[in-house]
Amino acid sequence: MYTEQQIKEQRKAKIISKIITYSFLTIMALVILIPFYWMIITSLKSAVEIEQFPPTLFPRQIVAYNYVEALERANLLRYFANTLIVSGFSTLFGTFFSIFVAYALSRLQFKGKEIIFTILLATMMIPGEMMVITNYITVSNFGWVDSGFGSRVTNGPYYAMIFPFMISIFHIYLLRQTFKQVPNELYYAAKVDGTSDWKYLWKVMVPLAKPSIITIIILKLMGAWNSYIWPNLVASENYRLITNGLRAAFSNSDTGRTEFQLQMAATVMVTLPLFIVFIFFRKYIMRGVSRSGIKG
Amino acid sequence: MKKIFVVIFLALISIGLISCKKVSNVVLDWDVISDDLQIDTTQDVEIVFWHTMGKTTDPAMGQQALLEVFIEEFQEIYPHITVLHESKGGYPELRDAVNTSLPAGNEPNMSYSYSDHVAGYINSGRILPLNNLINNKNPEIAFSQQDLDDFVPGYWEEGKVYDNEGTMLNLPFVKSTEVMFYNKTFFEAHELTVPTTWDEVKTVSEQIRTIIDTDAAFANYSVAQKNSIVPFGYDSEANLFITAAEQENIPYTGISDDLQGEILFNNAEAKTMVSYFKDMYDNRLLTSKEMLGGDYTSNKFVAQQLFMSIGSTGGTNYNIPSGGLFEVGIAPLPQFDADNQKVIQQGPNINLFLKDNPQEMIASWLFLKYITASEQSSLWAIATGYSPGRISAFETVNTYYDDLTSISARQTVFKNVALVAEQQIPYYFTSPAFGKSSKARDQVGAIFVNVFGNTYSIDEAFSKAYEEVAF
Chain A
1 MYTEQQIKEQ
11 RKAKIISKII
21 TYSFLTIMAL
31 VILIPFYWMI
41 ITSLKSAVEI
51 EQFPPTLFPR
61 QIVAYNYVEA
71 LERANLLRYF
81 ANTLIVSGFS
91 TLFGTFFSIF
101 VAYALSRLQF
111 KGKEIIFTIL
121 LATMMIPGEM
131 MVITNYITVS
141 NFGWVDSGFG
151 SRVTNGPYYA
161 MIFPFMISIF
171 HIYLLRQTFK
181 QVPNELYYAA
191 KVDGTSDWKY
201 LWKVMVPLAK
211 PSIITIIILK
221 LMGAWNSYIW
231 PNLVASENYR
241 LITNGLRAAF
251 SNSDTGRTEF
261 QLQMAATVMV
271 TLPLFIVFIF
281 FRKYIMRGVS
291 RSGIKG
Chain B
1 MKKIFVVIFL
11 ALISIGLISC
21 KKVSNVVLDW
31 DVISDDLQID
41 TTQDVEIVFW
51 HTMGKTTDPA
61 MGQQALLEVF
71 IEEFQEIYPH
81 ITVLHESKGG
91 YPELRDAVNT
101 SLPAGNEPNM
111 SYSYSDHVAG
121 YINSGRILPL
131 NNLINNKNPE
141 IAFSQQDLDD
151 FVPGYWEEGK
161 VYDNEGTMLN
171 LPFVKSTEVM
181 FYNKTFFEAH
191 ELTVPTTWDE
201 VKTVSEQIRT
211 IIDTDAAFAN
221 YSVAQKNSIV
231 PFGYDSEANL
241 FITAAEQENI
251 PYTGISDDLQ
261 GEILFNNAEA
271 KTMVSYFKDM
281 YDNRLLTSKE
291 MLGGDYTSNK
301 FVAQQLFMSI
311 GSTGGTNYNI
321 PSGGLFEVGI
331 APLPQFDADN
341 QKVIQQGPNI
351 NLFLKDNPQE
361 MIASWLFLKY
371 ITASEQSSLW
381 AIATGYSPGR
391 ISAFETVNTY
401 YDDLTSISAR
411 QTVFKNVALV
421 AEQQIPYYFT
431 SPAFGKSSKA
441 RDQVGAIFVN
451 VFGNTYSIDE
461 AFSKAYEEVA
471 F
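If you read the protein sequences in the order shown, they are chains A and B.
Each residue of the first sequence is one higher than the one before, counting from 1 in the numbering used here.
Each residue of the second sequence is one higher than the one before, counting from 1 in the numbering used here.
This is chain B alone, in the form it adopts within the complex:
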């Protein structure tokens, strides 16, 4: 008797579970919102913005305090709109919170998001395509041609990585890129040239190795101490792979015409590229975060155990030594081919969600438009060190630093980071976003870790990574 009930109960549960499975075939329809909208100022609307901003008390520190200043200014322009905001912790927490709230219809109006998060949200059918807002017949809503030209092209394109139709799902806000921090004092003392290509990185690193072995300054170092010094460090193995592949036109991932993600990194050219860096690693010329046991290369850089470090511009602060121990130089990312320069772009965007009330969607769009405007994004960039999403905002940031009557060593570094980031604008690229894109990213990072650490041969590491992603 008891057993029969258990069986019936289990059968009921499994029927329930099967019926839950729904095949998704969401088409991104631009016309979910009209291309001829009117702002109804008589109707009070409340919108909610989810993000990961830290708590701050001073707007000069950026983050929540500055956002609140923006909100106040925005509400003066549109008194009928109330903007509420909420930090959801880190990015994984934010993504989980959005994913859980979508089926309950509890999602916010707008949210910080990475492309692969948005690629996951699309299935809910509740992502708002921005095309009809950008090109709206109402000029107060639409972007002007001047606005469109002002967005950093690479960042703008990141909104369109979801299909081949040009559907735009997000606008850039907190952006960053990678630059090379180098120990300017050391480079000048030893008359080293700042490398611009990977081959030069190799040459300069070899020179630094010789300096370590022969120079009087290192005479007191034990062999172990000398060995712990590696001239060049790259924080993110995944970025090294993706950037180097892009620089050499090696396929990494792609999106097919039927919107399926494609995993393309398992190829012979990519293996040659990996063996190029493996050779540098074996000769103690290069290291990476995981090879340092998870320690950021910037920590080694400020401790002068590393003389060139590639990291996110978002982490600029960590590359500045305390007490002005040495001068920090900033250089563009090394390249393989001067005619095909590529630099990865990073940082979250902001996407909007579909709501029943068009006025709510208009309100969240207007707020998004407001905080991504040139003035606001330059204020954000100055406060946080992140790159603005607008070309004109770069100019504002430069002018800000130029107008300072006295500039500290720290501000000089930030100023130079902004200059190099601006210089790299034409070379920005981004990879397609789809269900498995973040997994592909993790796995190509793991290829370097496994190959550097001699856990697997290059062939094995590639096929293992490919299997992990593809199946």
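Looking at chain A on its own, in the form it has when it is part of the complex:
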């Protein structure tokens, strides 16, 4: 039996630990939210107010025109469409390839399977940055690069942005491990029932590996959405992605100054759709990110 004193103390300890937990969570939430708040208020301030010190916590005069000007200055809609095209196709094809390769490497029996897998893994040791020039020369020989003259192949820059990064060994590896966890008995049972490998893949493996596949889709989408250096190299004005637009359109490269009010207005417009996507898919995204142990 607990005495009243002990119950009180326990309750006290509980309250204190709750206070600590919640204040920690509040602080962390603020750390995350303040940059967003700052982005929104900056997008509504005038150019003069931004330069003021100490900075104002709320715009003295709301300048909604920043949004109109941002849209006029940068071809944001076009960049947005480009980003959707590039991320959409590279995610779609990339995921299919990962599924096929992972299935072959985990389930099918053929000569040299392990060697292929080892070679694939070995390529992960080469940092992506080292591939930039060779990749560039390759896509350039295909006629996909638009260096201002226009590319030799119609819509070449889209191909140049989609194909070199479509296949990710890491994603194949991730999916192969998931496929390997599916018990062999299922495969044999399916075989006894006369199922083909193709059917087994789509009817059994893919539904079982759904969480991993969603992880891959999310990682691929985030990767394509955030890519910056490569699109800047291979694409001309009409094929740039949203990241290039946000970075370059509002900066004066000679003075090093950025018109933050316009840049932030554009950023709000770009973040909003992502935010909506996040609200709807947050369960999967959170699971995906924590499963893979990396952020993108």
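Source of the hints: derived by calculation from the structure; they are not laboratory data.
Please note that a few of the clues may not be correct.
Anything over 12 Å on all C-beta distances counts as not near chain B; from chain A, calculated [as the list claims (entries may be wrong)]:
id: 1; residue: 15
id: 2; residue: 110
id: 3; residue: 187
id: 4; residue: 206
id: 5; residue: 281
Label-pair distances were calculated between CB atoms; the ranges are [said to hold, decoys possible]:
id: 6; chain 1: B; residue 1: 317; chain 2: A; residue 2: 228; range: 26 to 32 Å
id: 7; chain 1: B; residue 1: 455; chain 2: A; residue 2: 29; range: 33 to 39 Å
id: 8; chain 1: A; residue 1: 170; chain 2: B; residue 2: 147; range: 56 to 62 Å
id: 9; chain 1: A; residue 1: 284; chain 2: B; residue 2: 322; range: 45 to 51 Å
As a list, the in silico EDC-like pairs of lysine to aspartate or glutamate whose alpha-carbon atoms are at most 16 Å apart [said to hold, decoys possible]:
id: 10; chain 1: B; residue 1: 415; chain 2: B; residue 2: 395
id: 11; chain 1: B; residue 1: 137; chain 2: B; residue 2: 35
id: 12; chain 1: B; residue 1: 55; chain 2: A; residue 2: 237
id: 13; chain 1: B; residue 1: 55; chain 2: A; residue 2: 259
id: 14; chain 1: B; residue 1: 55; chain 2: A; residue 2: 72
id: 15; chain 1: B; residue 1: 226; chain 2: B; residue 2: 213
id: 16; chain 1: B; residue 1: 436; chain 2: B; residue 2: 467
id: 17; chain 1: B; residue 1: 415; chain 2: B; residue 2: 403
id: 18; chain 1: B; residue 1: 271; chain 2: B; residue 2: 459
id: 19; chain 1: B; residue 1: 55; chain 2: A; residue 2: 69
id: 20; chain 1: B; residue 1: 226; chain 2: B; residue 2: 215
id: 21; chain 1: B; residue 1: 160; chain 2: B; residue 2: 257
Note that the structure is predicted; figures quoted are calculated from it, not measured.
Note that beta-carbon positions come from the ideal geometry of N, C-alpha and C, so glycine has one too.
With chain A held as given, fit chain B onto it using these hints.
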């Protein structure tokens, strides 16, 4: 078995990597293009120009809209040439784009570039020396003596910083320099003299400190507020070091006869120079951008927390207070020695790339010649506030402002900036460009930041900076 394959695979990769390493020994050969060229107007050519210009809709705002006007006019003169242009974002992005496109043979015909970018491109062997074009036997291609005399000498020399042979690799286009912006209203109210030397900067700054401490206008200020006011600000620590060193003939960097860059800034005179400014900083007479936490001194200047600010003429706009709060005066850069005046010159140039078709190279040269001509560079200067590369263009800019029926406060500032920039022409200098020159620049800037912030002693800061650059 598996391990053996991994080993073999790695060995193959490393062999591949080793074979990629090629020692470069590029000689800048003027004769890659003939000195007796003919323009073939029957052959249609397309040229591409990469730059960092912002998007504009009105040619009066300069940048892309004005460039497009130039292109249209140029294509009327040479209908067989099509000029395409493309903004590559900022300078680092532009440099990366050129560096990546060079091995693929995808480089543009002409590009904005800083000297140290060009020094990096030289290794590709695809930079076009301009000497045979400048002195071509065909007068339509060559520069006349009048043209040659018209270029601002300091800007012209910037094309030749790559060797000791006089090889010319770029022409000036968007140029700027540094001037001193001062609060004219404040100076007149307190009967202060505009300083012309560093010692005078010190004296005037001390006077301003006294004014802040004693004048009735500052009576309501708290001690912290008074302390936040610093009389003098220099935006770029690196420019302060390089300019002050040049003014005192202190070695900074150099180029040896075998074209190797030399790092020379680690010397006793340079340390004395740094301690001179450190003394001013400690007495709250001087500050710089990094010491303000990365805030531009011009922001402090328009907020009247700083009364003299040295910055790029390219950033003139940012030194003009909104609502005509006070009058802005422009003065030349302070000097150490009236007989050895030096002012840094800045801003990118335009270089050309080597192409298989000589007509393409001729076309890009003709376009370069067209946009760097006096009329075009003065139009550019009026629209953007940058300095033109031609002496005669300075006159055009002056006449433009003189002919205005009414002149706004903003235009007055721009006019005075142009006048002071012109006055400084004889004193322009530039530093040699080589592989490590931009690193040297960053590191001498860091010396001031480390010394001002007491992170390191002067000796330590110098040896640290030297190590960073040299090794």
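Discussion item. Checking each numbered hint in turn, tell me which of them this model violates, lowest number first.
Written reply: none
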